[in-house]
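Whenever a hint applies, use it, and build me the whole structure from the sequences.
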Amino acid sequence: MKISNWSFPIHVHIVTIIIFVVVLAAGSQIVLTNQAMSEVIYKANGKIFERIAEQTKHQLNSHYGTAFAALGSFSNSHGLNTSTGSDRLRVLPEVVHLLSQFEHVQTYAFEFEDGDSIIVKRINDALSPDIPVTHPDSQYLITHKIRGVGEAYTFDNNINLVERIELDSVHFYTNSQETTDISPNTNRISKPTKLAHSTSMGIVISRINTFGMRVSVDVLLEDLGDTLRDTLANDTSIRVLYNDDGAVYAFSSGENNQQDSRVLHISELNIDIVPHAIERKKGGETLGRFSYQGENWFGRIVTIQPLDSEHIHLLMATKASSIFDEGELIKRQTFYASVLVFLILLPCIYLVSRLISKPIARATKKAKAIENFQFGNAPLPHSYIKEIQELNHAQVSTQSTISRFITLTDGIARQQNLDTMLELVCSNTAASVSADGVLLYLLNTKGDQLIPHVARFKQAEDIQAESISVKDVTRFIEHIFNLKKTQAFSFNDLTHLRVNQPINDRCEVIYIPLQNREGMVIASLGLIFEQGRADETYRQHADYLRTLLGYVSVAIETQQMLESQRALLNSFIKVFAGSLDKNSPYTGNHCQRVPILTEWLTQAAHDSSLPPFKDFHLSEKEWQELKMAGWLHDCGKITTPEHVVDKSTKLETIYDRIHEIRTRFEVIKRDREIELLKSSGGDLNQKAKCALEEIHRQLDDDFEFIASLNLGGEFVSDKELARLDQIAATPWTRTLSKQLGISWLEKQRHQVEERLPEQETLLSDRPEHLIPWDSPLSNDPRFTMKPTEYKANQGERYNLATLRGTLTEEERFIINDHIIQTIQILESLPFPAHMQNVANIAGGHHEKMDGTGYPMGLKGDEMPLAARVMAIADVFEALTSADRPYKKAKSLSESLQIMSYMVKDNHLDKSLFELFLTSGVYLRFAEEYMLDEQIDEVDITKLI
Numbered sequence: 001m002k003i004s005n006w007s008f009p010i011h012v013h014i015v016t017i018i019i020f021v022v023v024l025a026a027g028s029q030i031v032l033t034n035q036a037m038s039e040v041i042y043k044a045n046g047k048i049f050e051r052i053a054e055q056t057k058h059q060l061n062s063h064y065g066t067a068f069a070a071l072g073s074f075s076n077s078h079g080l081n082t083s084t085g086s087d088r089l090r091v092l093p094e095v096v097h098l099l100s101q102f103e104h105v106q107t108y109a110f111e112f113e114d115g116d117s118i119i120v121k122r123i124n125d126a127l128s129p130d131i132p133v134t135h136p137d138s139q140y141l142i143t144h145k146i147r148g149v150g151e152a153y154t155f156d157n158n159i160n161l162v163e164r165i166e167l168d169s170v171h172f173y174t175n176s177q178e179t180t181d182i183s184p185n186t187n188r189i190s191k192p193t194k195l196a197h198s199t200s201m202g203i204v205i206s207r208i209n210t211f212g213m214r215v216s217v218d219v220l221l222e223d224l225g226d227t228l229r230d231t232l233a234n235d236t237s238i239r240v241l242y243n244d245d246g247a248v249y250a251f252s253s254g255e256n257n258q259q260d261s262r263v264l265h266i267s268e269l270n271i272d273i274v275p276h277a278i279e280r281k282k283g284g285e286t287l288g289r290f291s292y293q294g295e296n297w298f299g300r301i302v303t304i305q306p307l308d309s310e311h312i313h314l315l316m317a318t319k320a321s322s323i324f325d326e327g328e329l330i331k332r333q334t335f336y337a338s339v340l341v342f343l344i345l346l347p348c349i350y351l352v353s354r355l356i357s358k359p360i361a362r363a364t365k366k367a368k369a370i371e372n373f374q375f376g377n378a379p380l381p382h383s384y385i386k387e388i389q390e391l392n393h394a395q396v397s398t399q400s401t402i403s404r405f406i407t408l409t410d411g412i413a414r415q416q417n418l419d420t421m422l423e424l425v426c427s428n429t430a431a432s433v434s435a436d437g438v439l440l441y442l443l444n445t446k447g448d449q450l451i452p453h454v455a456r457f458k459q460a461e462d463i464q465a466e467s468i469s470v471k472d473v474t475r476f477i478e479h480i481f482n483l484k485k486t487q488a489f490s491f492n493d494l495t496h497l498r499v500n501q502p503i504n505d506r507c508e509v510i511y512i513p514l515q516n517r518e519g520m521v522i523a524s525l526g527l528i529f530e531q532g533r534a535d536e537t538y539r540q541h542a543d544y545l546r547t548l549l550g551y552v553s554v555a556i557e558t559q560q561m562l563e564s565q566r567a568l569l570n571s572f573i574k575v576f577a578g579s580l581d582k583n584s585p586y587t588g589n590h591c592q593r594v595p596i597l598t599e600w601l602t603q604a605a606h607d608s609s610l611p612p613f614k615d616f617h618l619s620e621k622e623w624q625e626l627k628m629a630g631w632l633h634d635c636g637k638i639t640t641p642e643h644v645v646d647k648s649t650k651l652e653t654i655y656d657r658i659h660e661i662r663t664r665f666e667v668i669k670r671d672r673e674i675e676l677l678k679s680s681g682g683d684l685n686q687k688a689k690c691a692l693e694e695i696h697r698q699l700d701d702d703f704e705f706i707a708s709l710n711l712g713g714e715f716v717s718d719k720e721l722a723r724l725d726q727i728a729a730t731p732w733t734r735t736l737s738k739q740l741g742i743s744w745l746e747k748q749r750h751q752v753e754e755r756l757p758e759q760e761t762l763l764s765d766r767p768e769h770l771i772p773w774d775s776p777l778s779n780d781p782r783f784t785m786k787p788t789e790y791k792a793n794q795g796e797r798y799n800l801a802t803l804r805g806t807l808t809e810e811e812r813f814i815i816n817d818h819i820i821q822t823i824q825i826l827e828s829l830p831f832p833a834h835m836q837n838v839a840n841i842a843g844g845h846h847e848k849m850d851g852t853g854y855p856m857g858l859k860g861d862e863m864p865l866a867a868r869v870m871a872i873a874d875v876f877e878a879l880t881s882a883d884r885p886y887k888k889a890k891s892l893s894e895s896l897q898i899m900s901y902m903v904k905d906n907h908l909d910k911s912l913f914e915l916f917l918t919s920g921v922y923l924r925f926a927e928e929y930m931l932d933e934q935i936d937e938v939d940i941t942k943l944i
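Going letter by letter, the sequence shown gives residues 1 to 944 in the UniProt record's numbering.
Note that these hints are calculated values from the structure, not bench results. Each residue gets a CB set at the ideal place from its N, CA and C atoms; glycine is no exception. Honestly, I wouldn't trust all of these hints.
To be verified - Ranges of calculated distance between the beta carbons of each label pair, as one might list FRET restraints:
hint : residue 1 : residue 2 : range
1    : K910      : K458      : 24 to 34 Å
2    : E862      : D939      : 31 to 41 Å
3    : S828      : G857      : 14 to 24 Å
4    : K910      : D700      : 19 to 29 Å
5    : G860      : D700      : 52 to 62 Å
6    : S467      : N504      : 19 to 29 Å
7    : H311      : E151      : 54 to 64 Å
8    : K910      : T761      : 31 to 41 Å
9    : R414      : N504      : 30 to 40 Å
10   : L562      : S608      : 25 to 35 Å
Written out as structure tokens, the structure reads:
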């Protein structure tokens, strides 16, 4: 990575960072102080709101409670319920006393079922001026109507009569409560209203008892407004007490503290924030901090239900700016103090940064060396800064750990052998933690046992580790395999370990489970500590061991997966090759023996120190490539039709058509006999019988000739071809349609219209015998083999005229095409990089040194050496195979003699053939796979 030109010395960065930290700290302090102060103020206001709500609720409960108690008491008063007329006035002292005790009660009214009524009112400024109360000592006004006569009196605080007031009309003094019917013994509470004969707002609480007496109490709301007004903190404070219908019980505002004498609705308060706040609450939003018309507010709405009455809501709100005005001074003081501290610290910061920068620069230089994997042993200079000194020691330790870890991981990555890799891991891990011994167990493929792979203990010359069954109920299995936890054990308590000498009781073994990617335990590493303290030592190196063993676990799992996949692939390929062999009785065990012989001959070339093989060496991966090519060298045969591979006679397709020809001969013989019978009148004389016998003998002889041609054993001469043509032209009559009972596909080839009966020749090459290719052919320019015009020609005369063997030109192409199919199949497979030549090796075993082979016509060195080896193996196995029913197995000497001719004709590689003989590979193969009667004496000197 390129270093920027804008880089600066470390002390500059330290100064910058410290200044930044100081500024950030000061700024954070200011912000946090502001936030904390805001939070405190908000919480304080919240508590104030709670106190106001409780106070208001208490006051409402007091008002309602007083009224309810009075109603209950008077409703059940025996004197009021049983007395009549002026006797009912005896309750007046009690009523006046209640009025004197509770100033929020304005009026008590009693209306009796017989039409009498008593009303007791408090005389104050709120009393309506229509009532002529003039005496200064008058405190209470009593009006009553008894037997239709109304009177009014005033009393002082001692309930002494002060004056009597003349009334203009009796009804003027009735109470203002609603006249709606009330259920007996049920309290009814009116909405906020202007009380009768009063300028004050209040509510009327009424009750009718079982005797029909109606008791009403007028409760003033004025003191609620005073209470709310007392809670106003500033000019922006708002307090509103209202019910669900929006009727206002009381309200108070810093801007308007005058209570209206009218019954107000929320919408009539002319305070816009109040409806907005209430709508937010109805919408399900909490108030708290909220914004209205560009200003921040803090508010709360509390619902009160005093003594089972209707819901009454208390809205409390205040502008946020009014709350925080007093905090500005604290903010300014905090800012100035932070600036002062910063100016004082600035020179100190610079000096400290200079002191710190030097050892850090040295440590940086060391870190760069470690970054570049330059692990020098020179120690860093001593530093008086403890952290720098610790950093120096940490760098030395880090250098050692990284060096050891890199060395180990590099070794693991390079190792392809699992056992070698495990030995490397164990020795390095034991050395890194100063362990006295090391054990490594791997889970077997069945997953039922932990198998020891490494067991070393420096104190014991011989330590034996036994396999551990994961099904055993032991402490070791419980902790390591089931709980998957690292656990220390006393060496002498482990029954799966054996040593040839006593071990002290302090000796401990700590086992560490190794898990794969799925979390399954696949191995366990044991570290032996002769002097104990295994747990303590593990904790010191726990992070390193977890990292290292995590990497090792993945490496082990990967190796095991590769081995399993490789074994699976090899087994699959061998099964596939065996299936190809079993698919046809004519290939025997060819696909299984050729790779074996190829490996043996290649190994001989690999081991040879003579030219041209002294520089020939195969790596392990190249061996894998060779084996893969050997086992798949004939995989293209899977595409070759079975009836072509197994074709043992010239007329054989899926069945041998010689039987069809035989039937025609039988028909012709019958026809000739019938013709003679007809010509002789139905009875054959001796001359006709002799003629018939001669005809039959000739037909039998002709069939025997055709049958012998069908076997394809000898070369067909021109004379035999002429006789074949003569026999083929023999006529016979067919009366049945050839297009009945045949498949749809075959019917497509029968395009000629039939006219039955139809005269045909004994043998024919007809259009339906020509089978076209069913798919486009490959035009790969690499292949010199060119396909025939038709996929198959099943003409009877055409097949019987095959000069040598049983295969036609079309069938010979299909047979040879298996090598093209092999190449195309193998090239389509995603082989790894080290197996990219599998197709070239497997596809070249039918090439010849002179270029006359197929499918590419390669010459000499154009063929891979492995392909030339396989060509020899392929020919030798084919010649010596004793399990092919179409030919007799040749002896060892005959087979080698034929191969020597092929070498002379420059078909097989001469050097490899000589190595095949001199290395004894031919004899090794013969002794293992050939019959005893095939093995005879061979003088290889005559063949070289």
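Right, here's what the structure says about each hint:
{"no.": "1", "hint": "K910 - K458: 24 to 34 Å", "in the structure": "59 Å, violated"}
{"no.": "2", "hint": "E862 - D939: 31 to 41 Å", "in the structure": "33 Å, holds"}
{"no.": "3", "hint": "S828 - G857: 14 to 24 Å", "in the structure": "23 Å, holds"}
{"no.": "4", "hint": "K910 - D700: 19 to 29 Å", "in the structure": "53 Å, violated"}
{"no.": "5", "hint": "G860 - D700: 52 to 62 Å", "in the structure": "55 Å, holds"}
{"no.": "6", "hint": "S467 - N504: 19 to 29 Å", "in the structure": "26 Å, holds"}
{"no.": "7", "hint": "H311 - E151: 54 to 64 Å", "in the structure": "42 Å, violated"}
{"no.": "8", "hint": "K910 - T761: 31 to 41 Å", "in the structure": "52 Å, violated"}
{"no.": "9", "hint": "R414 - N504: 30 to 40 Å", "in the structure": "39 Å, holds"}
{"no.": "10", "hint": "L562 - S608: 25 to 35 Å", "in the structure": "31 Å, holds"}
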